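Chains as they are written, first to last, in my numbering: chain Z, 12 to 307; chain Y, 487 to 624; chain C, 22 to 143.
Calculated directly from the structure, the hints in this document are not laboratory data.
Warning: the hint list may mix true and false statements.
To be verified - Distance windows between CB atoms, simulated:
#1 Z/Gly276 / C/Ala81: 19 to 29 Å
#2 Z/Thr88 / C/Gln48: 32 to 42 Å
#3 Z/Thr88 / Y/Gln519: 44 to 54 Å
#4 Z/Asn98 / Y/Glu556: 27 to 37 Å
#5 Y/Glu556 / Z/Ile155: 18 to 28 Å
#6 Y/Val515 / Z/Glu188: 52 to 62 Å
#7 C/Asp51 / Y/Ala496: 40 to 50 Å
#8 Z/Asn98 / Y/Asn557: 29 to 39 Å
#9 Z/Ile155 / Y/Arg579: 26 to 36 Å
#10 C/Glu118 / Z/Gly197: 30 to 40 Å
#11 Y/Glu556 / Z/Phe136: 21 to 31 Å
#12 Y/Val515 / Z/Gln173: 15 to 25 Å
#13 Z/Ile168 / Y/Glu556: 17 to 27 Å
#14 Z/Gly276 / C/Ala31: 32 to 42 Å
These numbers were taken from a predicted model, which means no experiment stands behind them.
Even glycine gets a Cβ: it sits at the ideal position worked out from N, Cα and C.
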Amino acid sequence: MTDLQIVPTDSKLPLDNSAALMRELVAHLRENRTGLREEWLRRIFETELLTAMTREEVFAEATSVYDSYVEALETRTLETLQAYAQNLSERIIPRGVETHEVVGIVLLLRDVLARSLFGKYHANFKVLNAILDAYEPAANSIAITVSVGFVQQRERIIREQQEAIRELSTPVLQVRERLLILPIIGVIDPQRARQLTEQLLRGIRATRAKVVVIDITGVAAMDASVANHLVQTVEAARLLGAMVIVTGLSPEIAQTLVNIGVDLGKMNTVGDLQGGIEEAERLLGYKVIPSEVANA
Amino acid sequence: MSGEAVATEARVVVEADRDIVTARQQGRVMAAQLGFSPGTATLIATAISELARNMLLYASRGEVLITTIENNGSKGITVEARDEGPGIPQPQRALEDGYSTSGRLGLGLPGVKRLMDEFRLETGPGRGTRIVVHKWVR
Amino acid sequence: MQVPILKQGAHLIATVQSALTDADLVQLRDAIVEQVGRTRARGVIIDVTALDVVDSFATATMRDIAQMIRLRGARTVIVGIQPEVAFAMVQMGLTLEGVTTTLDLEEALEHLGERTNGKVAR
């Protein structure tokens, strides 16, 4: 197989030394930084990616991404890029940037740079091949690192948001020092019940609560397993040194509790939430002023 | 993510009481990594503690095998406690609340059974005992 | 693993530092009973903040300790049960009935310091 004997200016490149090739490549990408970055940005806007961000923001991020990309090629390490990708993801995810956009722009950059390498080394097929052999694996690692980093961040943020929403929808309220109220409304399934309990117990520890009022006025019905769970919650709170007062117990739920073997005499129950709070305050040693006097 | 199952596994030989601690700590770590809430991970660790102790008390030696599995979005943990001891006499009664063969300490099996999604007990004189429990992350 | 037991006034404070094996628990029980006898302590506080699992053996041992030192006229307070541990215990049906439990040391000392206070009844 005879090669064409055109002698290009970079024939002095050691074709079997990928480190040297990489250095050559990186130098080229640095020299042409402005032009290549412009080309990349043009393509990003053309394919309508990152529409959630302004042009200025895209420009600023693109500059950082380009430099990190080239640095990763140069140092052959991905740590810095990974850290940057994570940081970038944290910033752009709340802006609504999606996975396909991030993967898209990284691939576009890879392509823009590859084309540039084609342009420079096309005269000598052997050299071009060697350069691409050095470039491709590195460029692909980078693409994967950035994309996977983005996806992981996204999943983490979604999980945190879901958790935050769940916490918001099951509030444990601190109304006074050492006194917590947990109003329960609606239908409780075992999973929500478990979550409520975990939150309550953590709340007891965090606020050093000594009395907890669990109000179930808003609960229409409770099956045996959830009723059992309520009893367990009371017992667990006691292990943390807190007393529990249950308020708003309907006759139906009282019956369910009796059916599962709960001695209602041993459970501290009060008719309504207000009464429960007053009882709690009494237990904590606060003086309770009847509302007529307080409002006079 | 094309639906491949991912699994991790740990095996703890239980022949001294510090192995009970090892088994339950291993279980708690794996449960937490799988995504169980801290409360549920502790629960799983407590169940492992009971199963491991039973083995030590009644068979002097046994093995705890903890496996986690992740498959197409479902995640779960399986704990298998097996020994070659004398077997549990009257296993039906052992699964009822309040039953105890050693006097003070119950086997704790009813408690474990209640809290796991799946529970299987195989035992018999001369056949040893094998208890397998499973819990899904919800 | 030795659990350090300190004397504070008329009380003993045993602070668990890490996971306890069954043998450690038995050793703790014996040490507490011995020290209560020797020092005539009126109360024993067992700090279990560092325990990440409390199972049937630990529960039974704590109840035993309470019973044994009650015979010597001393009270037991278990302090610092973690929320996750408390939850696991109740779900497994493990109770510390008859033993006082508080959130922290301050509460425990307050409880022991006040004989008849008419406050939080258990």
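Evaluation of the provided hints:
1. Z/Gly276 / C/Ala81: 19 to 29 Å: The hint (19 to 29 Å, Cβ to Cβ) holds, given that Z/Gly276 and C/Ala81 are roughly 27 Å apart.
2. Z/Thr88 / C/Gln48: 32 to 42 Å: 51 Å, violated
3. Z/Thr88 / Y/Gln519: 44 to 54 Å: 27 Å, violated
4. Z/Asn98 / Y/Glu556: 27 to 37 Å: Holds, since Z/Asn98 and Y/Glu556 (Cβ atoms, about 28 Å apart) stay within the stated range.
5. Y/Glu556 / Z/Ile155: 18 to 28 Å: Once the Cβ atoms are compared, 21 Å apart, the range 18 to 28 Å for Z/Ile155 and Y/Glu556 holds.
6. Y/Val515 / Z/Glu188: 52 to 62 Å: Violated: the Cβ-Cβ distance is about 37 Å, outside 52 to 62 Å.
7. C/Asp51 / Y/Ala496: 40 to 50 Å: 33 Å, violated
8. Z/Asn98 / Y/Asn557: 29 to 39 Å: 33 Å, holds
9. Z/Ile155 / Y/Arg579: 26 to 36 Å: The hinted range 26 to 36 Å is violated for Z/Ile155 and Y/Arg579, with Cβ atoms some 58 Å apart.
10. C/Glu118 / Z/Gly197: 30 to 40 Å: Roughly 33 Å apart at Cβ, these two residues keep to the hinted range, so it holds.
11. Y/Glu556 / Z/Phe136: 21 to 31 Å: With Cβ atoms ~47 Å apart, the hint is violated.
12. Y/Val515 / Z/Gln173: 15 to 25 Å: 24 Å, holds
13. Z/Ile168 / Y/Glu556: 17 to 27 Å: 21 Å, holds
14. Z/Gly276 / C/Ala31: 32 to 42 Å: Given about 35 Å between the Cβ atoms, the range holds.
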